[in-house]
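Using the hints provided, position chain L relative to the given structure of chain Y.
Protein chains in written order, with the working numbering: chain Y, 1 to 364; chain L, 1 to 435.
Note that these hints are calculated values from the structure, not bench results. Incorrect hints may appear among the rest.
Said to hold, decoys possible - Computed beta-carbon distance windows for the label pairs: (1) Y:R73 - L:T35: 54 to 62 Å; (2) Y:E204 - L:L38: 48 to 56 Å; (3) L:L38 - Y:Q151: 25 to 33 Å; (4) Y:S8 - L:A289: 33 to 41 Å; (5) Y:S89 - L:E378: 52 to 60 Å; (6) Y:R147 - L:S137: 49 to 57 Å; (7) Y:G146 - L:V33: 22 to 30 Å; (8) Y:R73 - L:V33: 39 to 47 Å; (9) Y:R73 - L:D338: 43 to 51 Å.
Glycine residues also receive a C-beta, built at the ideal position from the N, C-alpha and C atoms.
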Amino acid sequence: MTESPVLSVEDLTVAFDTPRGTLTAIEELSFEVRTGETVCLVGESGSGKTVAGETITRLIPTPPGRVLNGSVRFDGYDLTAASERELRSIRGNRIAHVFQNPQGALDPAYSVGHQVAETIQLHEDDPRAEDRAIELLDAVGLPNPGRAAGQYPHQLSGGVKQRVVIAAALAADPDVLIADEPTTALDVVTQAQILRLLAELQAERDLGVLFVTHDLGVVAEVADRVVVVYAGRVMERGPVDAVLSDPAHPYTRALLASLPGRGEGMEPLDGSFPDPQDRPAGCLFHPRCPHAVEACRESVPDEMAIGPERTAACIYYGPDFETSELDDEPGFDSSGSEDEPGFQASALDDQSDFESSDPEEDSR
Amino acid sequence: MRSASGQDRRADPGHDGSDPLLSVRGLRKHYPVTTGLLGREVERVRAVDGVDFDVGRGETLGLVGESGCGKSTVASTALRLEEPTDGTIRFDGEPVTELGDRALQRFRRRAQLVFQDPNATFNPRMTVAEAVGEPLSIHGMADRDRRRAIVRDLLERVGLDGIDLDRHPQAFSGGQKQRLALARSLVLDPDLLVADEPVSGLDVSVQASVLSLMADLQETFDLSILFISHDMSVVREFCDRIAVMYLGEIVERGPVESVFEDPAHPYTKALLEAIPAPDATGPPAEPLAGEVPDATDPPDGCRFHTRCPVLIQPEGLDLDAATWHRVFEFRQAVERGDIELAEFVDGDAGGEAAGADLDAALRTEFDLPATLGDEQAEAALGEAVDHLIAGDDEAATVRLRDVFVSPCERGDSDGRISERPRRDGEGTYRCERPH
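The following block holds chain Y by itself, in its conformation from the complex (with noise of 0.2 Å):
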């Protein structure tokens, strides 16, 4: 596949004035969807994934965001730098956006039938728009679907309003769609059901995802290539496979190490994410970074190729380092940590290791 991307998001950065100071919530991120892919942008939350996804079609509020640097390019467009009637053809029509929580996302006003007709009439007259609404419930396989477009969102179980909100995000045939987070809210059998349904979709109809979530296990099911975000900056990227089966980036491998249900145990991350007012300086994941060395924290690393698509923002693959240090059992200078797993977990221990033993060395 050496398809133009569809949409290409370059340097991106964000921010937000709030009372407290500007926030930074993405610096830097790069990352592009072709046609008929799914792209991964996956993080915690307070990741910046969802502003990226957001900034896209320029939802976020402006102001407190602020754009500072970089481009959106959509189809000959820059959409940081649209009109918002330019904005207005192409959001929702050309990039639709589904969101994690249907309810939201819907009006218990008005039938769901008459919601996704309207979703169409707003982008052609179109005398059909019912008869095209209901035909949209039958692709996102609601099982009746003329009755089910008589129906009201409370009627309706968390599902099948996700399926509904799907329909009218294809109401408009879009080239890309955004979906952030679209399963978290649901039990595990109807997420299965809806990645099922998203996947077939999107092969029919030839769309570019962009799938936003904290999920690695969902990552597996639907991505073909992975953005892998810490604070606001890629750590990681590539096909899903191999970022997967071998994690290059130190958060990665956390990432994969915390996830309950493999029978292997889970290792919970240490510490907490680093406060978006005051982010650390050099690599953003090095006071967590069981591996950190000194020159961690003096410069921010660079993406580098480590492979066909791939890259990692981490000193170890760069020249000074030997990427095999990565595979050394870490934490042997993490203050006796290990005979109380978890009670140091908190967030109280976001000083890193080597942080929280320098003032005791000073203070000799």
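For chain L alone, coordinates are given in the frame of chain Y:
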């Protein structure tokens, strides 16, 4: 509240039987749906409908199921935060359902609930010291300094040493708040924790640390835990035994590893297959279809039969599995009144010609062959379709029911499927199919 005494002696087949801390038998909780001024009951939501389980001392039992399966109602009735409709609950040998006010207060000191949403646990006006120490004051400890000392000690044990006791809980992160909630639940030194989705609101990386903390606390405080979750992977990490609930019933139970390695019930299998796994190569090809049915009118026999991928064919019928499923789906659609013939009529063709067309259109819609391989089955299906076309849905239902009723719909003498042992002898399941 009352229950046949025979029920009390029936052991939880999954537990070793040695003097459990919590023992629940025949638990039912029905919510009446009423109408009119007089509150006439028109139907009842059977949220929990005959549940037995034990939680042993120091043991963790995981109760899993999708939303609406009744697991949270089990939690609130087991602690008598709601009165059960029927059944017995014994805690340390005492019948919880019969406790008077004072004894009930004592019980509530020893059995604590931890919620999914720590925000709901804390009164936003209280400081950490007040919020975590509140159960102490409720239970009569007036000495403020002693309360603060206990709170400080507990916060240390949940990994929050050194925090400012006079801050408000909402100033903390989600993971920290769940630690505060745990501290609060432990402040009265309980024997039992009922944890209702305690880590569901947390990021995966934070989940791991809260669960590892809970495991440590369990050991330190010698706790028994009833762990309620929709997340099978978390249950696998944390629990000793698992009980899988569907529509108010426990459909399978056993030691966690046995059930994960070799699930007996088709619903357990479906839940396990639906877990998104990091080594997957795409979403499950055929996830379980449909949704959990309405608990006011649960399906007869096996409650899972309406969605079961391995539904048993009636004796004497021999269709290929896929066709059998489609015929059964067709029957269900007819019974629900879901078939609107108007959708299949293409305008002008009227009269007799339309009859044959409708028959063909219906079969296409439900992906049924033009004639079923089995003569008796084809006769029933053909006649039912004729009834439908004639507008007699009821006759169509009756005709379909002549032939296409699964043994799974009948159940045992009480109209349900009884629990039978899993093939490893560890635990039980409710299904007509041999494991």
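Subject >> Numbers of unmet hints, in rising order >> reply: Going through the list in order, the structure violates hint 8 alone and respects the others.
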